[in-house]
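J.: The residues making up each chain are set out below.
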Amino acid sequence: MNEALKVKNLCFNYDENKETLVNLSFEVKKGDYVTLIGHNGSGKSTLAKLLTYLITPSSGEIYVNDLLLNEENIGKIRRTLGIVFQNPDNQFIGSTVEDDIAFGLENRNIPLNDMQKLVKEYSKKVNMENYLKKEPSELSGGQKQRVAIAGILALNLKIIIFDEATSMLDPEGVEDIKHLINEMREKDPELTFISITHDIEEAYLSDYCIILNKGRIYKEGKPNEIFNEIDDIKRIGLDVPFVLKIKNALKEKNIFINDDIKTIEDLAKNICK
Amino acid sequence: MQIEVNNVTYTYNKKRFDEFEALKGISLKIDKGEFVALVGKTGSGKSTLIQTFNGLILPTSGYVKVDDFIVTGDKKLKRQLLKKESKEVQILNKKKAYLLRKKVGMVFQFPEYQLFADTILKDVMFGPLNFKVEENLAKEKSINALKSVGIDESYFERNPFELSGGEKRRVAIAGILASEPDILILDEPTAGLDPNGKKEIMNLIKDIHKEGKTIILVTHDMDVVMDYVDKIFVLNDGKLLEETTPNILFNKENILDYSLEIPTFYKFKNLLKKYGFCKDLSKINEFNELIDIICEDKND
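If you read the protein sequences in the order shown, they are chains A and B.
If you're matching positions, the first sequence starts at 0 in numbering that gives the first Met the number 0 and goes up one per residue.
If you're matching positions, the second sequence starts at 0 in numbering that gives the first Met the number 0 and goes up one per residue.
Keep in mind the hints are simulated off the structure, nothing from the lab.
None of the values given here were measured: they were computed from a predicted structure.
Cβ atoms here follow ideal geometry from the backbone N, Cα and C, with glycine treated the same way.
It is possible that some hints are incorrect.
[What the hints assert, rightly or not] Cut-off 25 Å, straight-line C-alpha distance, at most; resulting in silico cross-link-like pairs (BS3-like, lysine-lysine):
1) Lys123/A to Lys177/A
2) Lys251/B to Lys282/B
3) Lys244/A to Lys14/B
4) Lys268/A to Lys14/B
5) Lys14/B to Lys250/A
6) Lys244/A to Lys272/B
7) Lys233/A to Lys266/B
8) Lys261/A to Lys297/B
9) Lys116/A to Lys133/A
10) Lys14/B to Lys132/A
[To be verified] To spell it out: a stretch of chain A is covered by chain B in this simulated footprint if at least three of its residues, at any positions, have a beta carbon under 8 Å from a beta carbon of chain B; those stretches are:
11) 38-45
12) 63-77
13) 241-252
[To be verified] Computed spacing ranges between beta-carbons, pair by pair:
14) Lys131/B to Gln115/A: 52 to 58 Å
15) Phe115/B to Gln115/A: 49 to 55 Å
16) Asn8/A to Ile247/B: 52 to 58 Å
17) Asp65/A to Gly149/B: 45 to 51 Å
18) Ser85/B to Leu179/A: 31 to 37 Å
19) Leu179/A to Lys146/B: 45 to 51 Å
20) Cys271/A to Lys28/B: 41 to 47 Å
21) Arg78/A to Met0/B: 55 to 61 Å
22) Lys131/B to His178/A: 49 to 55 Å
23) Lys146/B to Lys186/A: 53 to 59 Å
24) Gln115/A to Leu136/B: 57 to 63 Å
25) His178/A to Asn284/B: 29 to 35 Å
Put together the whole structure using the sequences plus the hints.
T.: What follows is the structure, given as structure tokens:
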């Protein structure tokens with residue numbers, strides 16, 4: 000089994016007249032960094048809720064590591080798959096930062112000593128080690144998001160989903176979390192990371208990108224390929240990644256830049272060489 | 000001067016073991032009709048500061064003056080100011096707080112989570128009714144507010160929870176506009192919206208500004224700052240670091256020290272400089288100009 004996630008003919012509607020997700024099928028390879036993008040209302044967040052069994056499909060199936068997502072398997076699946084949602088106020092459970100990070104660990108019956116170690120380790124990784132005794136009301140939105148992220152990362156999961164999980168962080172904070180995720184992916188090459196995001200630049204850097212539009216898969220594939228179909232991208236009101244925009248504008252003036260160049264840093268180096 | 004912030008400090012949990020000084024002596028001024036942004040990293044004090052503007056938080060020392068209202072929690076200072084200022088000036092107290100809150104409308108982060116009534120119109124009417132506006136007039140004001148944010152009349156009797164995220168946010172903003180504030184403060188109004196939703200909300204705010212209202216944004220979104228804002232206050236660690244404009248700020252050599260998310264365009268310009276691009280980029284503020292100068296450089 001090479002797929003961390005298999006979605007087959009997935010449909011979902013909140014009410015009878017309106018289909019929110021229509022016949023979605025896709026696969027996510029183990030160890031991949033996958034981005035899911037699309038507008039508000041495209042069905043991204045509904046998909047996230049389905050993947051975590053907060054709601055159940057109207058029809059179709061989801062397999063996590065070849066295990067069908069249903070009532071019977073959900074306990075097992077939650078030991079391998081975790082999600083961080085966008086609004087940290089809806090997911091702060093503990094009365095203090097340390098309680099909140101420990102919550103998931105407690106559910107897994109981790110011994111107290113190990114738990115204390117993990118809480119310390121992960122609070123440090125998200126730069127919240129000095130706030131362990133603070134209550135949620137004393138924290139900013141971004142700080143609460145860091146706590147939610149630490150709580151999930153500490154669980155040693157195989158599949159991590161971020162649903163706009165860094166939307167309230169400042170750029171330094173976003174970079175910190177990106178580094179942290181990369182570090183964890185290097186340590187465990189089988190760790191699958193799925194990011195639901197509006198950030199086209201992030202999508203451009205991922206291994207695989209799925210674009211949702213009006214509840215259907217609009218395009219999927221390697222970012223270099225799908226974003227190059229510019230008219231299609233613009234048709235649904237998405238932006239073209241900055242690096243690609245520059246590359247295309249230069250191409251028109253007969254200056255050609257290699258496909259491998261994906262970050263603005265590499266692009267600047269290439270232009271200046 | 001519409002808003003005057005005078006050496007304001009604010010300490011959370013004063014005299015407790017976890018006392019924390021969020022504002023460390025801030026002074027700034029905002030004129031009537033300005034479109035300004037407060038920026039700075041999380042924990043810089045932005046959200047605390049705006050809450051002093053409508054008296055949700057009273058400064059521990061120093062004061063905020065909004066038109067004729069003085070907001071402070073410093074008793075000694077209150078007495079001094081009352082002696083010094085003209086007769087129209089009032090010190091904010093509980094009884095008068097609603098007058099200030101009517102003047103200063105505040106749209107919090109994710110305002111759509113605060114919708115609660117069973118119809119959209121009722122939700123928007125809550126504000127004016129709360130400010131003791133008579134029912135028929137409250138309804139009229141609410142209808143105007145909803146129309147101004149582009150919510151169609153056919154929606155008025157529907158449940159707000161049937162709306163999409165962007166629509167809910169517009170209803171929430173209408174709920175504040177219905178009370179006809181002079182000053183509108185918005186905390187992260189574009190958080191969680193896609194590029195189209197962002198544009199919609201920001202164009203709406205731009206229209207509200209054109210009507211003569213003062214707009215104060217708290218935001219991490221530097222693309223928004225670049226495209227809409229006239230003046231920026233950069234906060235850091237509870238202090239005012241700088242008062243500036245978008246063009247000046249993003250062209251600064253040491254912009255990275257500010258830990259702001261600068262627009263990709265300016266990030267790229269900085270990287271070009273870093274890797275030794277030969278031509279002067281300081282006057283380049285448009286995409287096409289940048290492409291042209293890169294071509295020129297390559298062809299030299």
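J.: Hint by hint, note whether the structure agrees.
T.: Results for each hint:
1. Note on Lys123/A and Lys177/A: the hinted pairing holds, with a Cα-Cα distance of about 15 Å set against a maximum of 25 Å.
2. Only pairs whose Cα atoms come within 25 Å are accepted, and Lys251/B paired with Lys282/B is accepted, the gap being roughly 12 Å.
3. With a CA separation close to 55 Å, the supplied pair Lys244/A and Lys14/B exceeds the 25 Å bound.
4. Between Lys268/A and Lys14/B the CA atoms are separated by roughly 53 Å; this puts the pair beyond 25 Å, and the hint is violated.
5. For a cut-off of 25 Å, the pair hint linking Lys14/B to Lys250/A is broken: about 64 Å separates their Cα positions.
6. For the given pair, Lys244/A sits about 19 Å from Lys272/B by alpha-carbon distance, which is consistent with the 25 Å threshold.
7. For the suggested pair Lys233/A and Lys266/B, the alpha carbons sit about 24 Å apart, so the restraint of at most 25 Å is met.
8. Proximity of Lys261/A to Lys297/B is assessed by CA-CA distance (about 20 Å); at most 25 Å being required, the pair is judged to hold.
9. The straight-line distance between the Cα atoms of Lys116/A and Lys133/A is roughly 18 Å, inside the 25 Å bound, and the hint therefore holds.
10. In summary, the hint linking Lys14/B to Lys132/A is supported, as the alpha carbons are separated by about 17 Å, within the 25 Å threshold.
11. Here the region 38-45 of chain A counts 3 residues with a CB under 8 Å from a CB of chain B, which clears the bar of 3, and the coverage holds.
12. For the region 63-77 of chain A, the proposed coverage by chain B is not satisfied: 0 residues have a C-beta within less than 8 Å of a C-beta in that chain, short of the threshold of three.
13. For a cut-off of 8 Å, the count of residues in the region 241-252 of chain A with a CB near a CB of chain B stands at 6, and the three-residue condition holds.
14. Under the hint 52 to 58 Å, the C-beta atoms of Lys131/B and Gln115/A, about 54 Å apart, fit the expected range.
15. The hinted window of 49 to 55 Å between Phe115/B and Gln115/A is violated, with their beta carbons roughly 40 Å apart.
16. Between Asn8/A and Ile247/B the C-beta distance comes to about 55 Å, which sits within the given range of 52 to 58 Å.
17. Between Asp65/A and Gly149/B the Cβ separation comes to about 47 Å, which falls inside the hinted range of 45 to 51 Å.
18. In this structure the hint that Ser85/B and Leu179/A lie 31 to 37 Å apart at CB is violated, the actual value being about 56 Å.
19. A hinted range of 45 to 51 Å for the beta carbons of Leu179/A and Lys146/B is consistent with their spacing of about 46 Å.
20. Hint check: Cys271/A to Lys28/B, Cβ distance near 43 Å, so the stated range 41 to 47 Å holds.
21. Between Arg78/A and Met0/B the beta carbon distance is about 59 Å. The supplied range of 55 to 61 Å therefore holds.
22. As the Cβ distance of Lys131/B to His178/A is approximately 53 Å, the hint placing it in 49 to 55 Å holds.
23. At about 55 Å, the CB distance of Lys146/B to Lys186/A agrees with the hint of 53 to 59 Å.
24. For Gln115/A and Leu136/B, the hinted distance range of 57 to 63 Å is satisfied, since their beta carbons lie about 60 Å from each other.
25. For His178/A and Asn284/B, the Cβ-Cβ distance of about 31 Å falls inside the hinted range of 29 to 35 Å, so the restraint holds.
In summary, the structure is inconsistent with hints 3, 4, 5, 12, 15 and 18 from the numbered list given earlier, while agreeing with the others.
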